[in-house]
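Asks: One-letter residues, chain by chain:
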Amino acid sequence: MILKRLSRKTFDMEKNLYIVIVGCGRLGSLLANQLSQKGHSVLVIDPSEDAFNNLSPGFSGFRIPGDASQLTILKEAKLEKADVFFATTQSDNVNLMVAQVARKLFQVPQVLARIEDPKREDVFNRLGIETICPTSVGAELFLLSVASGRSLRENR
Amino acid sequence: MRVLIVGGGKMLFFLCRAFTEKGHEVIIINRSREECVHLSRQLSATVVFGDGSDLVILKEAGAMGADVVLAITPHDQDNLIICQLASIQFHVPRSIALANDPDNVGIFEKLGVSAFSTTHIVSRLIEQRASLEQIVNLLPIGEGRVNVTELVLPAYSPVVGKPLKKIGLPENVLVAVVMRDLHPIVPRGDDILLAGDRIVLITLTEHHESAVKAFLGSGN
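In order, the protein sequences belong to chains L and D. The working numbering puts the first residue of the first sequence at -8, with every later residue one more than the last. The working numbering puts the first residue of the second sequence at 43, with every later residue one more than the last.
Just so you know, not all the hints are guaranteed correct.
To be verified - For lysine-lysine, the following DSSO-like pairs were computed, each having C-alpha atoms within a straight-line distance of at most 27 Å:
no., chain 1, residue 1, chain 2, residue 2
1, D, Lys101, L, Lys110
2, D, Lys152, L, Lys72
3, L, Lys110, L, Lys72
4, L, Lys69, L, Lys29
As the list claims (entries may be wrong) - Simulated restraints, written as ranges between beta carbons of each label pair:
no., chain 1, residue 1, chain 2, residue 2, range
5, L, Ser127, D, Ser165, 42 to 48 Å
6, L, Asp108, D, Glu251, 44 to 50 Å
7, L, Phe43, D, Gly259, 56 to 62 Å
8, D, Thr160, L, Leu118, 23 to 29 Å
Hints were generated in silico from the structure; no laboratory data involved. Keep in mind it's a predicted model, so treat the numbers as computed, not measured. Ideal Cβ positions, reconstructed from N, Cα and C, are used throughout, including at glycine.
Modelling step: build the complete structure from the supplied sequences, incorporating the hints.
Replies: Structure below.
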């Protein structure tokens, strides 16, 4: 189900969007690099300056070193102007908190939070926060591959 | 009452001791194995080792039957999520989060979680206590938005000898009780205030100062 939703939406981004990404680890930087290359305005927030080394030389967006769970940082990021907000840090609770702040206080239209513990997904979906659990998505891909008896690449 | 507290440190220890002394049942969730051992030896509370924002741990700790959940960890994001899980998943009637960063009090409230900041409470108390020595007692209630203040009217008070209705109280102030020679009076508009009366005021925090000034005079 998650996969269907993703494939429909992700690549349908023709106009220039302002995208704020919290967390510049493997996931955050991958998203930032790809979205920046597609011509979107991307802003990345991470407390560790070293994390920004994950951004590719082609990344043309902005970076704010700081803790996104502090309101001042999110204000600095001009969140009220964002079209999309991704929370991708390694801490579920940080992601869930900043995602709610982005959605409820700054009214960002599209908010997605990475969450490692699939048990909590349900609760936060009920709070109106869309979540993506890399573990569940990964497992779904594994199962799909087993069910079809072929590799996913051949499927495409 | 069954109180579930998530956190550690001195605040947790003394809160827990206060609750158990009053006869409440206390359950603690703490992330440090060492501290858990220490707590279970020192307190008559159930101690659960684990992450308080994990649904399994919360369930194990009996969140379902708790009357109150207090989240007082040093991490605001954890406190918020713990309280949201407690109320949404386990239907705990009251959950209260500590906002280490005072800015987060407002945010938590907007996200539907009651919050308090010790920085707020202590600084407010110090300001109020320090400014007026006639104040005998002060109690913040309603997450610190309402104050119950007990004060003794000095002879120089501008309200002494006046009926209550002629005092011209600032808005959002209520004179709840007057203690005169150990007799409590619930005052009406015609009652006259005397020097030495101990009066109990209920005020909204933003009107507290002007209310106290009205009763003690601005010469203070």
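Asks: Flag every earlier hint the structure violates by its number, smallest first.
Replies: 3
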